[in-house]
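Student: The listed protein sequences derive, respectively, from chains X and Y. Each residue of the first sequence is one higher than the one before, counting from 3 in our numbering. Each residue of the second sequence is one higher than the one before, counting from 3 in our numbering.
Calculated from the structure, these hints are not laboratory results. Every value quoted in this text rests on a predicted model; they were computed, and no experiment measured them. A portion of the hints provided could be inaccurate.
In silico SDA-like links for lysine to any residue, alpha-carbon gap of 25 Å or less [unchecked claim]:
#1 X/K70 - Y/F68
#2 Y/K9 - X/K9
#3 X/K9 - Y/R76
#4 X/K70 - Y/G157
#5 Y/K70 - X/G157
#6 X/K9 - Y/H104
#7 Y/K70 - X/G197
#8 Y/K9 - X/T97
#9 Y/K70 - Y/Q55
#10 X/K9 - Y/E176
#11 Y/K70 - X/F175
#12 Y/K70 - X/L167
#13 Y/K162 - X/A168
#14 X/K70 - Y/A32
Not the full set, but computed from the structure, chain Y residues with beta-carbon under 10 Å of chain X [claimed, not checked]:
#15 E53
#16 F68
#17 D72
#18 R76
#19 S134
#20 V137
#21 N143
#22 I150
#23 L151
#24 L173
#25 E176
#26 L213
We put the CB at the ideal spot given by N, CA and C, even for glycine.
There are 2 protein chains.
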Amino acid sequence: MPSQPVKALFFDVFGTLVDWRTSIAREAQALLGPLGHSCDWHAFADAWRAEYQPAMEEIRSGRLPFCKLDVLHRRNLGRILPRFGVKDAPEEVLTALNLAWHRLDAWPDSAPGLRRLRATFRIAPVSNGNISLMVDLARRNGFAWDAILGAEIAGDFKPKPRVYLAACEALDFEPAECMMVAAHSSDLSAAAACGLKTGHVARPNENGAGLGEAGPSVPVDIAATDLEDFAGTMGV
Amino acid sequence: MPSQPVKALFFDVFGTLVDWRTSIAREAQALLGPLGHSCDWHAFADAWRAEYQPAMEEIRSGRLPFCKLDVLHRRNLGRILPRFGVKDAPEEVLTALNLAWHRLDAWPDSAPGLRRLRATFRIAPVSNGNISLMVDLARRNGFAWDAILGAEIAGDFKPKPRVYLAACEALDFEPAECMMVAAHSSDLSAAAACGLKTGHVARPNENGAGLGEAGPSVPVDIAATDLEDFAGTMGV
Numbered sequence: 003m004p005s006q007p008v009k010a011l012f013f014d015v016f017g018t019l020v021d022w023r024t025s026i027a028r029e030a031q032a033l034l035g036p037l038g039h040s041c042d043w044h045a046f047a048d049a050w051r052a053e054y055q056p057a058m059e060e061i062r063s064g065r066l067p068f069c070k071l072d073v074l075h076r077r078n079l080g081r082i083l084p085r086f087g088v089k090d091a092p093e094e095v096l097t098a099l100n101l102a103w104h105r106l107d108a109w110p111d112s113a114p115g116l117r118r119l120r121a122t123f124r125i126a127p128v129s130n131g132n133i134s135l136m137v138d139l140a141r142r143n144g145f146a147w148d149a150i151l152g153a154e155i156a157g158d159f160k161p162k163p164r165v166y167l168a169a170c171e172a173l174d175f176e177p178a179e180c181m182m183v184a185a186h187s188s189d190l191s192a193a194a195a196c197g198l199k200t201g202h203v204a205r206p207n208e209n210g211a212g213l214g215e216a217g218p219s220v221p222v223d224i225a226a227t228d229l230e231d232f233a234g235t236m237g238v
Numbered sequence: 003m004p005s006q007p008v009k010a011l012f013f014d015v016f017g018t019l020v021d022w023r024t025s026i027a028r029e030a031q032a033l034l035g036p037l038g039h040s041c042d043w044h045a046f047a048d049a050w051r052a053e054y055q056p057a058m059e060e061i062r063s064g065r066l067p068f069c070k071l072d073v074l075h076r077r078n079l080g081r082i083l084p085r086f087g088v089k090d091a092p093e094e095v096l097t098a099l100n101l102a103w104h105r106l107d108a109w110p111d112s113a114p115g116l117r118r119l120r121a122t123f124r125i126a127p128v129s130n131g132n133i134s135l136m137v138d139l140a141r142r143n144g145f146a147w148d149a150i151l152g153a154e155i156a157g158d159f160k161p162k163p164r165v166y167l168a169a170c171e172a173l174d175f176e177p178a179e180c181m182m183v184a185a186h187s188s189d190l191s192a193a194a195a196c197g198l199k200t201g202h203v204a205r206p207n208e209n210g211a212g213l214g215e216a217g218p219s220v221p222v223d224i225a226a227t228d229l230e231d232f233a234g235t236m237g238v
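Throw the hints in and build the complete structure from the sequences for me.
Tutor: Written out as structure tokens, the structure is:
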């Protein structure tokens with residue numbers, strides 16, 4: 003049976019399209035620095051991000067009901083602040099800091115790559131971020147999505163199958179007509195298990211210099227060096 | 003208490019942004035005409051549309067579970083075909099005809115109006131149409147949405163309160179920070195009851211010459227002659 007043509011591309015966002023680490027470090031310094039706090043702001047970003055998977059696991063496992071990632075980010079922030087000596091920050095500063103995840107900057111190739119791809123494919127984020135967060139990142143970085151799909155539509159978090167399948171169903175496509183695009187092999191292997199095609203985008207410095215996936219560690223349909231390279235491989 | 007500024011605009015689509023009647027008449031003629039069928043194609047469009055509210059009422063009332071509007075459109079099509087003497091059309095023609103609702107043309111002011119509004123406001127359809135239908139109409143007509151909200155996100159159909167409130171919640175706004183924009187007073191009065199602001203756009207010929215709302219029949223915050231006029235009134 004010949005392979006079905008790909009009609010929709012689903013994108014991971016944190017790490018794949020946007021550089022969360024540099025952006026969070028910058029935002030944390032900008033908001034906590036004036037209060038007299040000082041630390042390794044990249045370590046702060048790493049610590050906050052390290053709470054991400056355990057927090058979602060509480061929901062994926064069914065121990066807690068689904069909530070927006072913004073809510074988990076706020077809970078995780080409260081967990082790491084004492085480790086960095088922050089005890090007395092006003093609530094409005096913490097609220098603004100939590101929304102730092104809405105102010106992440108894209109890798110330079112993300113917006114031009116998406117622009118090329120959208121002429122041929124339906125494109126949507128399939129991220130664990132909530133809809134409002136995706137909208138803010140799109141407006142900030144010039145991502146022109148067809149729809150915002152992902153965790154909030156599905157009521158669960160990747161890599162649970164429902165998230166990938168809900169995205170396919172929302173666009174009326176079979177999984178084999180959809181491709182998950184991510185810088186994380188674990189995301190791609192979960193999508194592949196649901197029948198989606200997979201595209202890996204290298205982000206070798208996502209977690210710091212040399213600390214990111216320079217290539218996939220699982221079989222994928224396409225492996226690209228960045229999103230412009232990916233667009234070229236997809237023939238657009 | 004001063005009125006909260008509007009941050010998001012939610013749009014009704016069928017009738018408000020797109021001319022469903024002319025488009026459906028054209029598509030029905032194009033698909034059924036070659037099979038030898040002939041009728042008043044505008045009456046065909048009107049008959050199909052007349053089944054719309056009763057079909058949704060089955061779901062709003064809780065008698066049937068939620069399904070995409072595409073599914074209701076297909077059921078409604080089966081109901082009206084015998085009235086127009088269509089008994090033997092191949093299933094693939096009926097499937098293509100059902101997707102005529104994905105190929106509706108916008109009123110000429112819709113895309114330019116939305117383009118102006120998006121620079122200042124978050125904009126999203128809050129329609130009873132499903133996500134894939136909204137995506138197709140957006141691509142066809144050049145609507146650049148921030149997100150696709152509406153019935154499929156809410157799991158119910160307007161004018162049930164959940165649909166309006168789910169849209170506000172998805173963008174993290176209070177109802178008073180959101181404005182529902184529609185050519186139908188019933189839609190606006192339901193949105194107002196949920197605390198949203200309301201904007202009426204006149205579509206006096208929606209259902210045929212002189213058969214549409216030339217103005218609101220309920221109190222609204224803004225009444226406009228078309229979407230460009232609405233954008234001007236909103237100061238953009």
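Student: Taking the hints in turn, state whether each one holds.
Tutor: Checked hints:
1. X/K70 - Y/F68: holds, 23 Å
2. Y/K9 - X/K9: violated, 33 Å
3. X/K9 - Y/R76: holds, 23 Å
4. X/K70 - Y/G157: holds, 18 Å
5. Y/K70 - X/G157: Holds, because 18 Å separates the two Cα atoms, which is no more than 25 Å.
6. X/K9 - Y/H104: holds, 16 Å
7. Y/K70 - X/G197: The hint holds at about 23 Å.
8. Y/K9 - X/T97: holds, 19 Å
9. Y/K70 - Y/Q55: Roughly 14 Å between the alpha carbons, so the hint for Y/K70 and Y/Q55 holds.
10. X/K9 - Y/E176: violated, 36 Å
11. Y/K70 - X/F175: OK: Y/K70 and X/F175 at ~14 Å, within 25 Å.
12. Y/K70 - X/L167: Holds: Y/K70 and X/L167 sit about 16 Å apart, inside 25 Å.
13. Y/K162 - X/A168: holds, 23 Å
14. X/K70 - Y/A32: violated, 45 Å
15. E53: Because about 21 Å separates Y/E53 from the closest Cβ in chain X, which is outside the 10 Å limit, the hint is violated.
16. F68: violated, 13 Å
17. D72: Constraint on Y/D72 satisfied, holds at 8 Å.
18. R76: The hint is violated - Y/R76 has no Cβ within 10 Å of chain X, the shortest such distance being about 13 Å.
19. S134: holds, 4 Å
20. V137: holds, 5 Å
21. N143: Because about 13 Å separates Y/N143 from the closest Cβ in chain X, which is outside the 10 Å limit, the hint is violated.
22. I150: holds, 4 Å
23. L151: With Cβ-Cβ at 8 Å, under 10 Å, it holds.
24. L173: Status holds, d = 5 Å.
25. E176: violated, 13 Å
26. L213: At 32 Å from the nearest chain X Cβ, Y/L213 fails the 10 Å test, so the hint is violated.
Taken one by one, the earlier hints fail for this structure at numbers 2, 10, 14, 15, 16, 18, 21, 25 and 26, listed in ascending order.
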